[in-house]
Structures are given as structure tokens and as C-alpha cells.
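Visitor: Protein chains in written order, with the working numbering: chain A, 1 to 347; chain B, 1 to 448.
Keep in mind that a hint or two might mislead.
Cβ-to-Cβ under 8 Å is the rule here; a few derived chain B residues that face chain A [to be verified]:
#1 Ala332
#2 Met340
#3 Glu364
Which stretches of chain A does chain B cover? Using the computed rule of at least three CB atoms under 8 Å from a CB of chain B, they are [as the list claims (entries may be wrong)]:
#4 46 to 60
#5 102 to 111
Only pairs whose alpha carbons sit at most 30 Å apart, straight line, appear in this in silico DSS-like list of lysine-lysine [claimed, not checked]:
#6 Lys91(B) - Lys235(A)
#7 Lys281(B) - Lys336(A)
#8 Lys365(B) - Lys16(B)
#9 Lys16(B) - Lys15(A)
#10 Lys49(B) - Lys232(A)
#11 Lys232(A) - Lys234(B)
#12 Lys334(A) - Lys235(A)
#13 Lys438(B) - Lys334(A)
#14 Lys438(B) - Lys148(B)
#15 Lys3(B) - Lys91(B)
#16 Lys445(B) - Lys334(A)
#17 Lys49(B) - Lys91(B)
#18 Lys15(A) - Lys3(B)
#19 Lys3(B) - Lys16(B)
#20 Lys148(B) - Lys447(B)
#21 Lys233(B) - Lys232(A)
#22 Lys448(B) - Lys408(B)
#23 Lys281(B) - Lys55(B)
#24 Lys234(B) - Lys336(A)
#25 Lys368(B) - Lys15(A)
#26 Lys148(B) - Lys50(B)
#27 Lys234(B) - Lys15(A)
The set of hints was computed from the structure by calculation and includes no laboratory data. Glycine residues also receive a C-beta, built at the ideal position from the N, C-alpha and C atoms.
What follows is the residue order along each chain.
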Amino acid sequence: MNKLLVSPAPHLHSKETTRGIMRDVIIALMPSVLVSLYFAGVSAFLVLTVSVVGCVLLEHLIVKYMMKKKTTVHDLSAVVTGLILALNLPVSSPWWMVLIGCVVAIGVAKMTFGGLGHNLFNPALVARVFLLISFPVQMTNWAVTNGIFTPENPLIPGFLLGAQGQLPDALSGATPLGIIKEGLANGLTMDVLSQQHNFSYWQMLFGQINGSMGEASALAILIGFVYLLARKVIKPIIPLAIVVTVALFSGILHLIDPAHYADPLFHLLTGGVLLGAVFMATDYVTSPMSSLGMLIFGVGIGLVTMIIRIWGVYPEGVSFAILFMNAWVPLLNKIKPSPYKKEVNLG
Amino acid sequence: MSKTFSIGGIHPIDRKFSKDRPIEDLPVPQRVYLPMNQHLGMPSVPIVKKGDRVKVGQPVAEAAGFVSAPVHASVSGTVADVALYPDFQGKRVLTVVIETEGDEWLEGIDRTSQLKQEITTVPEETFRKITEMGIVGLGGAAFPTHVKLTPIDGMKPEYLILNGSECEPFLTSDYRLMLEHGQEILIGAELMRRVLGTDVNGIIGIEENKPLAISAMQKIAANYLQWKVVPLKKRYPQGGEKQLIDAVLGRKVASFALPISTGAIVQNVGTAFAVYEAVQKGKPLISNILTVTGSDPTIQKNYRFRVGTPIRDILYSAGALDSEENLLPHFAKLVSGGPMMGKAVVNLQAPVVKSSSALLLLTEKETKRQEPGDCIRCAKCFQACPMHLQPYLLYQLALAGRTEELEKHRVFDCIECGCCLYTCPAHIPLLDQIRLAKNASLKNKRKK
């Protein structure tokens, strides 16, 4: 008599695995990665590599030697964190700053809470905000990412040494959001600013906008978004809620006073709105589970982002907004309208 | 647009490999084992003893109360034993064993395949026959059919829904029955409808992956004013009573409420066929249709079996055994029923029963569970749950043994369809724990 397997139903399982989902997210990030490589070449490659290798290695070491468990890096979640962290950094980031980002993301934000699935805040964003507060110069001194392919890439010394302020003027500049924040504060109007700086929505869509690596091309992010939807990795609720809220908020202000408030498209295509909406706000672990929860979460991110952008100190607010809403997730998960009413005993 | 239920559900691959295999009669077994617990409710009470001679269709056990059903001899011969025998899960159950001699049927049973279309019995007579012939729900739960047809004060049946959705992957017995015996099914259904009331509407729900069954049943239903076919989108667990009512009528059965509270009664197509045979042909529930299937193409069959046939005999006929009558080595698991809700078989000597619908043979690769990982809070279990429960939460509460909170989160609404466990990318044994918690909590309640 041969042995029979005996276990409770169900006896089949879907093909889906955690690793498979993470692989899909990595694939969805590839257009943005390729765009950053195209515009910033070797520099982008170095930042991406240090970030991914750093995150994976750190997770491996922490799980194995501090938590004394079997390594978890094969679930690929550390790769995703590494990629998203890199895409949140300027291409001119020095290597040690990237590594500090890895330590904060994996060590502080993820493993301290117990690893994958247990963290309250998005690891890559915690790291980004930590770096933004700790190293404001390096984090906001955006390199003009304009076809730098040659080995004489002037960014490479910056990467190796992190010599801040050493970037030639021609190679650095503020982000569009930074420009209008400062410009408007100095009493200029939107018209003057866009004439001076020649903002092009076309460029914002396809690439070459000053900012962190992942913000370079809205189109690349959208391709990733469509892929994630097609593979049913994410639901569209959170990204759409964020985008619509940002568009409505900025649209109303723009209608009231076009001279002092940028139009909705400008707000959507600049900064991290799309990157955050598609890849960071949709992180399973740190976003709500029900559709209504997702909607509230997305609207909240949109609102906080715009409040920071318009009335806050920082030109950009997506990272703070997502982290702020992350903190609400346990409460949002309690919202669950059920169509099944309780009815007891019917004879 | 085809209808479907509104909450949760999954889309497992069909794998209806045996759908083009016509129903074959299995040889009469040398021995049958008739357990007394082939239905939900009180076990039947044997009325024969060792050495008694019985004919096919003769009652060997009577119902023990209202929520119970009699059992009839499925072969003719001598009662060899009335004792405890292990069932397919190894649980010992009081069983009547009959040693087959010839194939002698009780008088009054019409064994011909001739269609008896004309309905001559009055509803009271139909109800009595359904009760006496041991008819139970053949959709899986095996609830005695006459109980479901009994009116409940203050609840008026408006719809009789015939369940032809067969939403479990692999299974094809209901499908074959609809193709080959559609007429009989509709006559049986009409008999039940008349028991419920002449103003009750009849609806047959069939999933779209069975277009031939839909057109066949539509053609037949055209002759019956009160009956219509409703095609349903393919989705599991559409065959669940609550899901089917939602899909067909858009009405939701409340927690702890009976389906009839929505005005609907659901019966399986197999049950309707059994009612036809009982009322029109005088034949008790002594045989049923079952699918033997798996991804191995050599074993995919649809069989008419005598209730109580040992599982080993059926596997032998299907060619799933080696020369020493052991299961072929590439099969690692044998499931009685579908892959989503069926139960693993531990004892090949045990019999198939009235409500057996399939013997599913799975390879190790198909069925082996993977090591569970960490919950990534993807909410897939929550989105898949057709009862709008939070499986991830119930799982954690179950692990912590927090009974009160489990009940607050409606753990007793769980229909154990398996969608949560099927869909979990971290392979967490969600349903296993929830089921354990349900059982523990039920036991506690009984103690109190």
C-alpha cells in the first residue's frame, strides 16, 4: 500500500506567490530604471546597484545573524525596497548616503518591526525622509540629468567622494517644484516663472526633469502602472484617489488664482506624485485592505501632499503624505462595511 | 450579461477533463458498505440483521427522526454484517454490509430507461415518496431533501433554484447528467416545485463554461412555463447556496439565517434527478453519478455507481490501480469530491456514499502545500472571501484562541470554500486554522 497525502481542503493552490508578486513589481519598475539609466548612465547604475545590493545584503545579515532565522531574501522584497529607494534619490547621491538609506530602510523601518509584512511604514520612504532631513544639501542638489554617458562623467567623483557643492553649476539645478516655491515666495507669478525656466510638459512626460531618478519620466511610471494593473498586482483605487485629489485641489486653486498657483498637470507631472501613487502608496504591507479604506488613504495622501506643497516649508510633500497616511492604516483597516447583516435564530 | 454573485470569489482553472465522457454503469460490486451517516442530521437506524436476505431497493435502515433519512439496499444478497467500519476518512461508522448475490430488484421499481413525463402524483404523495426513498441533497452537504421542502412558518418560498453551476474544478457529473438526463432533471425539479407551491418560480442556474448544458436545459425548459435557465458567469464558489441565491436573485442571506428567508430554495440537479427516479420510477436513492478524474488522461471517467461500492472497486474500473490493487505510484492524494472542498481519502476500502460526486486523483506536484511565509497584507484573502470575512484576521484570532472576537467577526459565516487559502501568495494555512477555531468554539458551546 503506497502512502497517501492527507491534508484538509483546498487541495489546489493558485500559482501566485509572494516572490511572484515582488517579481512583478520589479518588472513594473524597469521602465523607470531604464529611463534613469538612459539619462544618467553610469551614475544611475552605481546608485541603483549600491542600493539594491545594500538592501539585500543587509536583510540577509540581519535575518541570519541577529534574528537567527532562515534568510528571507529570496522573496525579493528587499530588491523592491532597494530599487524604490534608489529611484527616490538624486542621481548625484554619494555611495555612503545610499548605504545609510539602506540601513534605515531595511534595518530600522523593516526588520526592527519583524521583517516583511510587519512594518507600519514604507521602508524606502522612511529612508528617503531620513536622508532628506539629515542631508538636505545632497538630497536637493539635483543634477541636471542630461545625457551623461561618458566615462568622464563628472558625477562619478561626486558618487565616490560625496563632495557636496562640487557639481559644476551647469550640471545642477532645482526641481520645478523648488523653482516655483522659491519664485512664488519671492513675489514672481507662474507666467514669469514658466517663461524663465521653460517648463515643458512634454519633457516631464518623457524624461529629463530635475528630480530624483524615478521622477524622470511620468510615462515610464505609467507603463509600470498599467503592467501592475494587468497582472492584477494592485487595484487602481489608491493611485487614482491620489491623482484625482491632487488634480482637484490644485485645479481649484489654479482657477481662483492662476498667477500664483500652478495648474494641475504641473503638480501631477512634477515631484513624486506618480512614483509615490503607483509604487509606494500601493505597498501591500503599509496600505489598507478594503476598497473604502484604500479610497480614504489615497484621498488623504493627495490632500496632505498639496497642503505641504502649497503651504509647507518643503516644495515636495508626497513622501511625508504617504508616511502620514501609513500611520492611519491600522485604523482604516477597521472600516469594513459588510453586506451581511447579523440576524440570529430563525427557528 | 450573465449574472454572478457580488462578493469575492476566485477563478481556478476549469480542468473539466472528463466532460466528454458519457456516463458508464459500473459493474455491480461484490460487497457494498452502507454507512448510517450518509446525510446531515441523525444517523439512520438499521432494520436488518446479519444473515437477512435483501433485494435491491429494500430499506435496510430507517430515518431516526425528521432530520434524517432511510437507507436502501443497493445490491441484492445477504446482510454480512451490521457493525462499525472505518469510513473514507478513517472514522468508524455503523455500517450495513451486504454480500452480493445476483441482481434481484424489489417489485414496483421501474428499471427501464423509458421517460415517464406525465406527473400523476399529488404534492403530498411526492413529499412522502421523497422522504421514504431516502433522497438527500446531492450537491455536497447531503441535507435530507424533504426537510428543505417542508414549509417554515412565516417564510414563503418564491423561487426554486436548481443548482447546475458545478463550480468546482475537475467535476463533470452534474454536467453529464444535464446533457444525458435533462428531461428527467426537469421533471424531478417540477415535482419539487409543486410541493413548494404552484406559484413558485423555477430557475436553473448553469455556469457559462457549460454552453451545451445551457442550451440543452433551455430547450427542455421551453416546455415548462414556470421554468427558465439563467446562465451564470464562471466563478467559484457559485454553487454555494448563499452565492447562488445572490447570483440569481441578487438577494443576500443574512448571518445565521436560512436561505428560505430570502424566499429561495436551492436544490442540486442531481437531487432533482433522484426525485424523478423516486417519484416517477419508484426507485430509492441507491445509485448516483460520480466523476473519476485527475490530470492523468487515462482515468477520466463519469460513472453511475451503486451506493456503498468500495472506493477501491471504482478506482480499479477506472484503471487507477496497479496489479496489486494499490494506487498507481504517481498519484499522491485521493480526494472525495472537488479540489476546493473535497476531503482527502485515507481508506480505499471505504465506500462511496449517496452524495459522493467525485474521486479526484492528484499528483504530489499538483497538491503539495508550500512552506508558509509571512503575511504581506495583500488583502487577496479578504477580496476572495465570498462571505465578506477577513480571513487574515480570523487566522490570527484563531491562533490566539480569542473565541469571542472570532464570533464578533462572524467566523460562523465561513462556508469553508477554501478561496482564502487557495489565493494566499504566502501560502498561509488560513482556512485550516479558521476551521479548527470554528470546531473548537462549537464544542465549547455544546458543553455550555
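Visitor: Decide, hint by hint, whether the structure agrees.
Guide: These are the hints, each one checked on the structure:
For the restraint placing Ala332(B) at the interface with chain A, the shortest Cβ-Cβ distance is roughly 5 Å, inside the 8 Å limit, so the hint holds. Interface restraint check: Met340(B) against chain A, minimum CB-CB distance 5 Å, threshold 8 Å, status holds. With a cut of 8 Å, the hint placing Glu364(B) at the interface with chain A holds, because the nearest CB-to-CB distance is about 7 Å. Residues of the stretch 46 to 60 of chain A with a Cβ under 8 Å from some Cβ of chain B number 0, which does not satisfy the need for three, so the listed coverage is violated.
Evaluation of the coverage hint for the stretch 102 to 111 of chain A: breached, as 0 residues show C-beta separations to chain B shorter than 8 Å, against a requirement of three. Between Lys91(B) and Lys235(A), the direct Cα distance comes to roughly 45 Å. Violation of the 30 Å bound is thereby established for this hinted pair. Between the alpha carbons of Lys281(B) and Lys336(A) the distance comes to roughly 52 Å, so the proposed pair goes past 30 Å and is violated. Simply put, Lys365(B) and Lys16(B) have alpha-carbon atoms about 19 Å apart, close enough for the 30 Å limit, and the pair holds.
In summary, the hint linking Lys16(B) to Lys15(A) is supported, as the alpha carbons are separated by about 19 Å, within the 30 Å threshold. At roughly 61 Å between alpha-carbon atoms, Lys49(B) and Lys232(A) are farther apart than 30 Å, so this suggested pair is violated. A distance of roughly 18 Å separates the Cα atoms of Lys232(A) and Lys234(B); the hinted pair therefore holds under the 30 Å criterion. For the proposed pair Lys334(A) and Lys235(A), the alpha carbon gap of about 19 Å is at most 30 Å, so the pair holds.
As the CA atoms of Lys438(B) and Lys334(A) are separated by approximately 22 Å, the hinted pair is consistent with the 30 Å bound. Of the supplied pair hints, the one linking Lys438(B) and Lys148(B) holds, its CA atoms being roughly 25 Å apart against a limit of 30 Å. Among the hinted pairs, Lys3(B) with Lys91(B) is inconsistent with the structure: their alpha-carbon atoms are about 40 Å apart, more than 30 Å. Of the pairs offered as hints, the one joining Lys445(B) and Lys334(A) holds, with about 28 Å between alpha carbons and a cut-off of 30 Å not exceeded.
For the proposed pair Lys49(B) and Lys91(B), the alpha carbon gap of about 22 Å is at most 30 Å, so the pair holds. For the hint pairing Lys15(A) with Lys3(B), the CA-to-CA distance comes to about 27 Å; that is within 30 Å, so the pair holds. For the hint linking Lys3(B) to Lys16(B), the alpha-carbon distance of about 21 Å falls within 30 Å, and the restraint holds. Proximity of Lys148(B) to Lys447(B) is assessed by CA-CA distance (about 28 Å); at most 30 Å being required, the pair is judged to hold.
A C-alpha spacing of about 19 Å is found between Lys233(B) and Lys232(A), which places the hinted pair at or below 30 Å, so the restraint holds. For the hint pairing Lys448(B) with Lys408(B), the CA-to-CA distance comes to about 19 Å; that is within 30 Å, so the pair holds. Taking the CA atoms of Lys281(B) and Lys55(B), the gap is near 16 Å; set against the 30 Å cutoff, the hint holds. A distance of roughly 27 Å separates the Cα atoms of Lys234(B) and Lys336(A); the hinted pair therefore holds under the 30 Å criterion.
Between Lys368(B) and Lys15(A) the alpha-carbon distance is near 12 Å, which keeps this suggested pair within the 30 Å criterion. Annotation: proposed proximity of Lys148(B) to Lys50(B) is violated, straight-line Cα distance about 34 Å (limit 30 Å). A hinted pair counts as satisfied when its Cα atoms are at most 30 Å apart, and Lys234(B) with Lys15(A) qualifies at roughly 19 Å.
In summary, the structure is inconsistent with hints 4, 5, 6, 7, 10, 15, 26 from the numbered list given earlier, while agreeing with the others.
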